[in-house]
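Asks: The lines below spell out each chain.
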Amino acid sequence: MKLSARNVIPGTVVSVTKGATTAHVRIDIGNGVTVTAAITNEATDELGLAPGKKASAVIKASDVMVGVE
Amino acid sequence: MPQIVLKHRFGRDGFALDVAFDAPETGVTALFGPSGCGKTSVLAAVAGLLRPQEGRIAIGGDVVLDTARRIALAPERRRCAVVFQDARLFPHLSVETNLRYGLRRAPRSAEGPGFDEVVALLGIAHLLGRRPAGLSGGERQRVALGRALLARPRLLLMDEPLAALDAARRAEVLPFLARLRDVARLPILYVTHALDEVDALADHLVLMDRGRVLADGPVAALAARTDLPLAARRDAGVLLDCTVGEAPADALTRLDFPGGALLTILRPGPPGTRLRVRVRARDVAVAVSEPQGLSTRNVLRGTLTDIQPAGEGQEVFVRLAIGPSELLARITRDSVQRLQLHTGMVVWALVKAVTFDHRMGTAATGAAGSGAPDALPAA
Numbered sequence: 001m002k003l004s005a006r007n008v009i010p011g012t013v014v015s016v017t018k019g020a021t022t023a024h025v026r027i028d029i030g031n032g033v034t035v036t037a038a039i040t041n042e043a044t045d046e047l048g049l050a051p052g053k054k055a056s057a058v059i060k061a062s063d064v065m066v067g068v069e
Numbered sequence: 001m002p003q004i005v006l007k008h009r010f011g012r013d014g015f016a017l018d019v020a021f022d023a024p025e026t027g028v029t030a031l032f033g034p035s036g037c038g039k040t041s042v043l044a045a046v047a048g049l050l051r052p053q054e055g056r057i058a059i060g061g062d063v064v065l066d067t068a069r070r071i072a073l074a075p076e077r078r079r080c081a082v083v084f085q086d087a088r089l090f091p092h093l094s095v096e097t098n099l100r101y102g103l104r105r106a107p108r109s110a111e112g113p114g115f116d117e118v119v120a121l122l123g124i125a126h127l128l129g130r131r132p133a134g135l136s137g138g139e140r141q142r143v144a145l146g147r148a149l150l151a152r153p154r155l156l157l158m159d160e161p162l163a164a165l166d167a168a169r170r171a172e173v174l175p176f177l178a179r180l181r182d183v184a185r186l187p188i189l190y191v192t193h194a195l196d197e198v199d200a201l202a203d204h205l206v207l208m209d210r211g212r213v214l215a216d217g218p219v220a221a222l223a224a225r226t227d228l229p230l231a232a233r234r235d236a237g238v239l240l241d242c243t244v245g246e247a248p249a250d251a252l253t254r255l256d257f258p259g260g261a262l263l264t265i266l267r268p269g270p271p272g273t274r275l276r277v278r279v280r281a282r283d284v285a286v287a288v289s290e291p292q293g294l295s296t297r298n299v300l301r302g303t304l305t306d307i308q309p310a311g312e313g314q315e316v317f318v319r320l321a322i323g324p325s326e327l328l329a330r331i332t333r334d335s336v337q338r339l340q341l342h343t344g345m346v347v348w349a350l351v352k353a354v355t356f357d358h359r360m361g362t363a364a365t366g367a368a369g370s371g372a373p374d375a376l377p378a379a
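As you go down the protein sequences, you meet chains U and F in turn.
Taken in order, the first sequence gives residues 1 to 69; the numbers are from this note's numbering.
Taken in order, the second sequence gives residues 1 to 379; the numbers are from this note's numbering.
Any given hint might turn out to be false.
In the SDA-like style, the derived pairs of lysine to any residue whose C-alpha atoms are separated by at most 25 Å in a straight line are [to be verified]:
1. U:Lys2 / F:Arg338
2. U:Lys54 / U:Arg26
3. U:Lys53 / U:Val35
4. U:Lys2 / F:Ser289
5. U:Lys2 / F:Gly259
6. F:Lys7 / F:Ala58
7. U:Lys2 / F:Lys7
8. U:Lys53 / U:Asp28
9. U:Lys18 / F:Pro291
10. U:Lys2 / F:Pro34
11. U:Lys2 / F:Gly313
12. U:Lys54 / F:Glu290
13. F:Lys7 / F:Asp22
14. U:Lys54 / U:Gly11
15. U:Lys18 / U:Val58
16. U:Lys53 / F:Gly293
17. F:Lys7 / F:Pro34
18. U:Lys18 / F:Arg267
19. U:Lys18 / F:Ala249
20. U:Lys2 / F:Gln314
21. U:Lys54 / U:Thr12
22. U:Lys2 / F:Thr355
23. U:Lys2 / F:Leu341
24. U:Lys2 / F:Arg282
25. U:Lys18 / U:Lys2
26. U:Lys18 / U:Leu47
27. U:Lys2 / F:Asp22
Hints were generated in silico from the structure; no laboratory data involved.
Predicted model, so just to flag it, every value in this text is computed and none were measured.
Given the sequences, and given the hints that come with them, work out the whole structure.
Replies: Put into C-alpha cells, the structure is as follows:
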C-alpha cells in the first residue's frame, strides 16, 4: 500500500470490542505485544475484522510517543 | 468598521505595543496570542481605560481617540461594553436589576435587542429574581453578557470571558456567545488564548506576539498558513465550514464541505446544522493510489499543491486541494521521498472518522456576517 504512514505492522486480530460508534480492535503483532486501534464499527464490518484475521496496524510516525523505563 | 492603531511603551525600556488592524463590521474578531503579548492592553485602549502615547481608534465611523488631534473620549462616551473574566455583577442587586442597569446606560436613540429578547437569548429568565451569589459561574457570565448587550454598545469588548470557568461551564456558555454573535449584529473584539474559542466563535483573527500583530485575516485563512506560530501547535490544521448532510441514528454523521464530505462519529445535530471543524494536520495521511482494505473512513481525492517544512525537524506540511477546499497533512520528509510526492500530483487524503472528537466549533459561522442561527442549541 502506497501510504505516507511510516509504520505498517502486520499481525493477527485478537479481539474486536464495539462501542456506540467506535470499536476497539486489538492486534497481536508478535511476541505477545498488542496494538489497539480505535476505528468505526462500520470499518470493522467492512474489513470483516474478527479474532484470528490477519490485519496490519497503520500508525503515523507523528502519532507515536516514546517512553523509557 | 472599527479601526485601531496604537503605539504605547510601558515605562522607558518596558514592553512596547505597536498594533494596527481593522475589524469587520459584524462578527467576532479574536485577538489571540500568548500571555503577555499585549492583547488585553489593546482592549483597554479601545475601551478608554488605557491612554496610549500614540494612536487612532474609530468605532462605527466616529473617532474616539486620535492623539494627533488631541481627541480622547472618556470611556463612558465611547459606547463600548466590556465583559471581563469575572462577571463583575453588583452583588447586592438581583439579576433583573443588574440587567436593567445595562439598559439604563443605553442612549435613547440606540437600537438593539430589548430586555425580554436578551433574557430569552441567554436563557436567564429563571434567574431574574436571584442574587449573583446564588448563581453558578456560567450563569453569572451569561448575565454579564446580557447586561453588556442591553447597554446597546457600538462595540462589544470581551476579555477572556470563559477563562475563569471550568471545562463544563465553558461548554455551557460557549453556545450562548455564538448566539449573541449571530443576533447582536455588532462588532465584537474577543481576547483569548484558547484556540477552540477562536474556532467556535471568530470570523476574523488578529494574531499577536510581543506587542505586535503577526498576521490578521479570516480565521480559516490564517489556520491554513504554515508560516505562523499556529502551525507549530499540536492541533495545527485547517478549519472546514461544514453542514451536517446526514445524521442517521445508527451510523456515522456525514459532514459536507465545499468539495467533499467527512464521515465522523460526532453528533453535532440534525441535517442542516452548520459547524466549523478543525482537521488537524497530524491526523491526515496521504496515499498516492486509492487505498483498499483500510479502516480509515475518509478517503478524499485531491491534488497536492504545496510542500512546506514543518519546523526544524523531519516533518513537512503537505497542502492538498479537495475541490475548492484545502487540507494540510503533516507527514515525514521520508514519506515525501519514498512516495515521490510533488506538486500537481493526484493523491488521496486519509482522515479517520474517530479523529474529530477533540476539536469542533459549537456553532457555525460560515462567512463573516452570515449569522444564520441554525446551529444553535435549544435554550
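Asks: The structure should be examined with respect to each hint, and the outcome stated for every one.
Replies: The hints, checked one at a time:
1. Restraint check for Lys2 of chain U and Arg338 of chain F: the C-alpha separation of about 9 Å stays at or below 25 Å, so the hint holds.
2. Taking the CA atoms of Lys54 of chain U and Arg26 of chain U, the gap is about 12 Å. The hint holds against a cut of 25 Å.
3. A C-alpha spacing of about 14 Å is found between Lys53 of chain U and Val35 of chain U, which places the hinted pair at or below 25 Å, so the restraint holds.
4. Taking the CA atoms of Lys2 of chain U and Ser289 of chain F, the gap is about 6 Å. The hint holds against a cut of 25 Å.
5. For the suggested pair Lys2 of chain U and Gly259 of chain F, the alpha carbons sit about 24 Å apart, so the restraint of at most 25 Å is met.
6. For the suggested pair Lys7 of chain F and Ala58 of chain F, the alpha carbons sit about 15 Å apart, so the restraint of at most 25 Å is met.
7. Taking the CA atoms of Lys2 of chain U and Lys7 of chain F, the gap is near 54 Å; set against the 25 Å cutoff, the hint is violated.
8. With a CA separation close to 10 Å, the supplied pair Lys53 of chain U and Asp28 of chain U stays within the 25 Å bound.
9. With a C-alpha separation of about 24 Å, the suggested pairing of Lys18 of chain U with Pro291 of chain F holds against the 25 Å cut-off.
10. As the CA atoms of Lys2 of chain U and Pro34 of chain F are separated by approximately 40 Å, the hinted pair breaks the 25 Å bound.
11. Among the hinted pairs, Lys2 of chain U with Gly313 of chain F is consistent with the structure: their alpha-carbon atoms are about 23 Å apart, no more than 25 Å.
12. Under the criterion of a C-alpha separation no larger than 25 Å, the hint pairing Lys54 of chain U with Glu290 of chain F is consistent with the structure, at around 21 Å.
13. Restraint check for Lys7 of chain F and Asp22 of chain F: the C-alpha separation of about 15 Å stays at or below 25 Å, so the hint holds.
14. Simply put, Lys54 of chain U and Gly11 of chain U have alpha-carbon atoms about 6 Å apart, close enough for the 25 Å limit, and the pair holds.
15. With a C-alpha separation of about 19 Å, the suggested pair Lys18 of chain U and Val58 of chain U falls inside the 25 Å cut-off, and the hint holds.
16. About 13 Å separates the Cα atoms of Lys53 of chain U and Gly293 of chain F, which keeps this hinted pair within 25 Å; it holds.
17. Pair hint Lys7 of chain F plus Pro34 of chain F holds up; C-alpha atoms about 19 Å apart against a cutoff of 25 Å.
18. The suggested pairing of Lys18 of chain U with Arg267 of chain F holds, with an alpha-carbon distance near 18 Å, which does not exceed 25 Å.
19. Taking the CA atoms of Lys18 of chain U and Ala249 of chain F, the gap is near 16 Å; set against the 25 Å cutoff, the hint holds.
20. Among the hinted pairs, Lys2 of chain U with Gln314 of chain F is consistent with the structure: their alpha-carbon atoms are about 20 Å apart, no more than 25 Å.
21. Between Lys54 of chain U and Thr12 of chain U the alpha-carbon distance is near 4 Å, which keeps this suggested pair within the 25 Å criterion.
22. Proposed proximity of Lys2 of chain U and Thr355 of chain F is supported: the alpha carbons are some 22 Å apart, at most 25 Å.
23. Proposed proximity of Lys2 of chain U and Leu341 of chain F is supported: the alpha carbons are some 11 Å apart, at most 25 Å.
24. Distance check on the hinted pair: Lys2 of chain U and Arg282 of chain F sit about 18 Å apart at the alpha-carbon level, within 25 Å; holds.
25. Only pairs whose Cα atoms come within 25 Å are accepted, and Lys18 of chain U paired with Lys2 of chain U is rejected, the gap being roughly 29 Å.
26. This hinted pair checks out: Lys18 of chain U and Leu47 of chain U have alpha carbons roughly 14 Å apart, not beyond 25 Å.
27. The suggested pairing of Lys2 of chain U with Asp22 of chain F is violated, with an alpha-carbon distance near 46 Å, which exceeds 25 Å.
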